[in-house]
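A.B. asks: In case you want the letters, here they are:
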Amino acid sequence: MARHIAISFEDVSISFEGNLVLDGISFVLERGETKILFGVAGAGKSTILKLALGLLKPDHGSIHVLGHDVTQMREEELFQLRRQIGMVFQESALFDSLKVRENVAYRLIEEKDIPPEEVESRVREALRFVELERTLELMPSELSGGMRRRVAIARAIVTQPEILLYDSPTGGLDPITSTRIIELIVKQRDVYKTSALMVTHRLQDGFIMASHHFDQQSGHMVENAPGEKTDANTSFLILRDGKVIFDGAAPELAHNTDEYIKEYIS
Amino acid sequence: MELISPVDYVKESVQAVQDWAELSGQAIRNVFKKPRYVADMVYQADIIGVGSLPIVVLTGFFTGAVLALQTSDTLARFGSSSLTGQVVSLSMVRELGPVLTGLMVAGRNASGMASELGSMKVTEQIDAMRALGTDPGKKLVTPRVSATVFMMFFLSIISDLLGLIGGFFVSYFMIGLDASQYWTMTYQSLRNEDVTMGLVKPVLFGFIIASVGCYYGLSAKGGTQGVGRATTQAVVAASVLILVVDFFITRLLMGLGL
Numbered sequence: 001m002a003r004h005i006a007i008s009f010e011d012v013s014i015s016f017e018g019n020l021v022l023d024g025i026s027f028v029l030e031r032g033e034t035k036i037l038f039g040v041a042g043a044g045k046s047t048i049l050k051l052a053l054g055l056l057k058p059d060h061g062s063i064h065v066l067g068h069d070v071t072q073m074r075e076e077e078l079f080q081l082r083r084q085i086g087m088v089f090q091e092s093a094l095f096d097s098l099k100v101r102e103n104v105a106y107r108l109i110e111e112k113d114i115p116p117e118e119v120e121s122r123v124r125e126a127l128r129f130v131e132l133e134r135t136l137e138l139m140p141s142e143l144s145g146g147m148r149r150r151v152a153i154a155r156a157i158v159t160q161p162e163i164l165l166y167d168s169p170t171g172g173l174d175p176i177t178s179t180r181i182i183e184l185i186v187k188q189r190d191v192y193k194t195s196a197l198m199v200t201h202r203l204q205d206g207f208i209m210a211s212h213h214f215d216q217q218s219g220h221m222v223e224n225a226p227g228e229k230t231d232a233n234t235s236f237l238i239l240r241d242g243k244v245i246f247d248g249a250a251p252e253l254a255h256n257t258d259e260y261i262k263e264y265i266s
Numbered sequence: 001m002e003l004i005s006p007v008d009y010v011k012e013s014v015q016a017v018q019d020w021a022e023l024s025g026q027a028i029r030n031v032f033k034k035p036r037y038v039a040d041m042v043y044q045a046d047i048i049g050v051g052s053l054p055i056v057v058l059t060g061f062f063t064g065a066v067l068a069l070q071t072s073d074t075l076a077r078f079g080s081s082s083l084t085g086q087v088v089s090l091s092m093v094r095e096l097g098p099v100l101t102g103l104m105v106a107g108r109n110a111s112g113m114a115s116e117l118g119s120m121k122v123t124e125q126i127d128a129m130r131a132l133g134t135d136p137g138k139k140l141v142t143p144r145v146s147a148t149v150f151m152m153f154f155l156s157i158i159s160d161l162l163g164l165i166g167g168f169f170v171s172y173f174m175i176g177l178d179a180s181q182y183w184t185m186t187y188q189s190l191r192n193e194d195v196t197m198g199l200v201k202p203v204l205f206g207f208i209i210a211s212v213g214c215y216y217g218l219s220a221k222g223g224t225q226g227v228g229r230a231t232t233q234a235v236v237a238a239s240v241l242i243l244v245v246d247f248f249i250t251r252l253l254m255g256l257g258l
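Protein chains in written order, with the numbering used here: chain P, 1 to 266; chain E, 1 to 258.
Chain E extracted, bound-state conformation (with noise of 0.2 Å):
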């Protein structure tokens, strides 16, 4: 096996940095460029979006629902069951519906847009696209970046509110708190605040899941192999990006007010 000097190996890091950096300028600065592939974008979001709800609707609602059993068991220590609906509501709103709606878009779909555009990039497909005057810029990336950005946010409404539900079925179900008293503990806990931050990150969240996976497709070398590494690297990266960013994006919107 080849060793790499440390020296190389940070010099790819900020060149692969520069690249995505550059790739993703471009991604928003041709939503403002004709051509512009709307048919692209939302065929893109009929994948993204349709293809992605059974995946959020379960993880969703299974972390709701985990979620209330394990405080509602704490919180009954001190007596404090009924608070188990302004916990969930709370979580799922403002952290666990946007970040693990990204996490499973991003293995679902930074993966699916790697490999797709990967196998276009070690069979010429992308340089034949350049060379019939196309800009895969903005043919490939852009209406995936769109698109992805766009159906986050409602997957993550979705993710949220099926928590909630997920919350209710073992709240009532389980441990038998009142239906009524869960709801309106759920809904009079969330303030605007919690709701903006909420609907923000998914937004950051779709535009790194897409530019990160073209940005892996796009320099996808070496044949099959290469493709399959990209893949990888794609759903990784996006997936600890997701979890970075999450943490700056909270400070930064607690910091404002938020």
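Bound conformation, chain P alone (with noise of 0.2 Å):
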């Protein structure tokens, strides 16, 4: 397995009661790059992700993360692998039972071996990134749907995990909470150059994704320029029925003459 490869899929199918869901889908994550996975709700989209976390296992194909065939691995070389891998989940599904801090410091905690104080003032640094360091003593239930987000966002990326996937980060949040969303994943791809799958319905969501970059000057997102050159490398990946029928950048996308793809996107 290519080292510049971070997830590949080659020919996986799942099923679900008898239902096909995933059939047959091959695709390739670069290191350092973000995929943006579209479809119509029961595509297959969330089952991706948790395939590649090894949550679930695809009933043909293969399926190598980090240079790992998950689909061969026993549950507790899993938890190894799942180290390096950051996942914001569509309802958060933060530990109600947890204040914010311990969300978030959870798996540095997990470790054991890290002292307390490196745990805190990593979990303040990942809790500034996302601008909720305020809420450190929080409950989960005390905050907004679009805090929560953010707070499973700091959870992800605390241990600066290779890889991160992204399940509807802004499913059902307004405009402006899901702007400043999406600048924090943009701003988490162009500052640590993080490979990710990023699920979403929000077509608008891809293609800020792909014209934008973070500043770090500024400290905010900014449109490219027309004819700029930025390191941004952000494709899209559209399935249906299963299967994919499309794998490309965002001016391909653009471009593209089948009807499905044209209607989906305008």
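Simulated from the structure, these hints should not be mistaken for lab results.
Idealized CB from N, CA, C, for every residue including glycine.
Any given hint could turn out to be false.
[As the list claims (entries may be wrong)] Here are some chain P residues pointing at chain E (derived, C-beta under 8 Å): (1) Leu53; (2) Leu55; (3) Asp59; (4) Phe79; (5) Arg83; (6) Met87; (7) Phe89; (8) Ala93; (9) Phe95; (10) Lys99; (11) Tyr106; (12) Arg107.
[Claimed, not checked] With a Cα cut of at most 27 Å, we get these calculated BS3-like pairs of lysine-lysine: (13) Lys121/E <-> Lys221/E; (14) Lys112/P <-> Lys34/E; (15) Lys139/E <-> Lys57/P; (16) Lys11/E <-> Lys221/E; (17) Lys221/E <-> Lys139/E; (18) Lys221/E <-> Lys99/P; (19) Lys243/P <-> Lys57/P; (20) Lys139/E <-> Lys99/P; (21) Lys187/P <-> Lys99/P; (22) Lys139/E <-> Lys33/E; (23) Lys112/P <-> Lys121/E; (24) Lys112/P <-> Lys33/E; (25) Lys243/P <-> Lys262/P; (26) Lys34/E <-> Lys139/E; (27) Lys57/P <-> Lys11/E; (28) Lys99/P <-> Lys34/E; (29) Lys121/E <-> Lys57/P; (30) Lys139/E <-> Lys193/P; (31) Lys121/E <-> Lys34/E; (32) Lys99/P <-> Lys11/E; (33) Lys34/E <-> Lys11/E; (34) Lys112/P <-> Lys99/P; (35) Lys112/P <-> Lys139/E; (36) Lys57/P <-> Lys221/E; (37) Lys33/E <-> Lys121/E; (38) Lys121/E <-> Lys11/E; (39) Lys57/P <-> Lys34/E.
Hints in hand, dock the two standalone chains.
C.D. replies: The structure is reproduced here in structure tokens:
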């Protein structure tokens, strides 16, 4: 497995209770690349993330993550691999009996050999990244939906993983909060060069990510100037009926002649 | 309402038993594996043990009391009221202490475990835990199973003792038996075999309560309705299993000469 590849799916199929959800899909996510997964509800987008994380096993095909074939690994081995991957779940999936501080620190505390002072500083740094340092002592139930997503992002990035998986990070949020979250994802992509798979229903999220970069001087996301060369490495993957019908960059997507894709992005 | 075929029903039932057995096996194996979540175990022991104390005390006391009341009346017909203490002690220690404690703890804690883990399951917190590199079996199941087994042992002893005290109150204040006679009969009628049987059962019942509660919680699906269903099923299954296992373990221990 080439070292420049973060995740590769080869002819992966999975079905649930007789329904074929993914039908022989293949794609590659390169290191440093962000791939945005589009598709109608039930197309299997979230399933792809769970397969990449080894939370589900495919019926057929192989999945390599950071050089490891996750389809052949035992759960014990997967726990080690998952420490290099961060996941932001659709509904945040914060531990509701733990404070924000403990949620974000969870993985660091589980490592056991990290001194408490370092845990504290890394938790604060991660929460500062998502601009929620003041929520340290709050319970998840005391946060708004957007804040919960941002805490979930902080929990995913606190160990600086090599791969991030975002499952509808802006789903059900208002446009302003959504843009704020996309800005954080762009910041993570451009500052830390993390490889990422992002599931979303919102086309504009994908196009904003492809057309913007994070300006570290101003501390904000800015639109790429026409002809400006940025290293923002963002591509798109569209699923339909369990198959990949498009895998490429924004210009190719914009000029695609497939009727379904044209209708989807219109 | 959708009807399920008998074949599918049997398949699902066998699958459920297999999954429960697998979860139980893992819970036992994890006791000997690192990491061990000792703090979680102590926390669960507090919830299960200390939290269940009031209901166990009340159940034990009044069961012993009513046992004395019922048996003394029958024994009086044969002129053997003095044997009341013996009946109460044997019934409580061998049977009613462990079983009633088991049923009470099942009602309180198997439901609690199923609803807590079920809520975590349907809100993807279990998946999040796995994604964060933690084995939910080690973090959630093993501490609950260990704590329940450990605390059931002591709760049963407390229940037995309170049962004897309840029996004493009735025998002394209502039937008019001599206090010394009651306690002498109670003490002398108990053999090591009776005590052994009374201490083996709660350990098994504790294991059943926690493993069934965790199993139904972790297999919950379908939102809050699914959590509610899992909670009910956990209590019913744990209670029935306690009574069934009680019969077989009693027969087995009697067969072994206990």
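A.B. asks: Would you pick out the hints that fail for this structure and give their numbers low to high?
C.D. replies: 3, 10, 30, 32, 33
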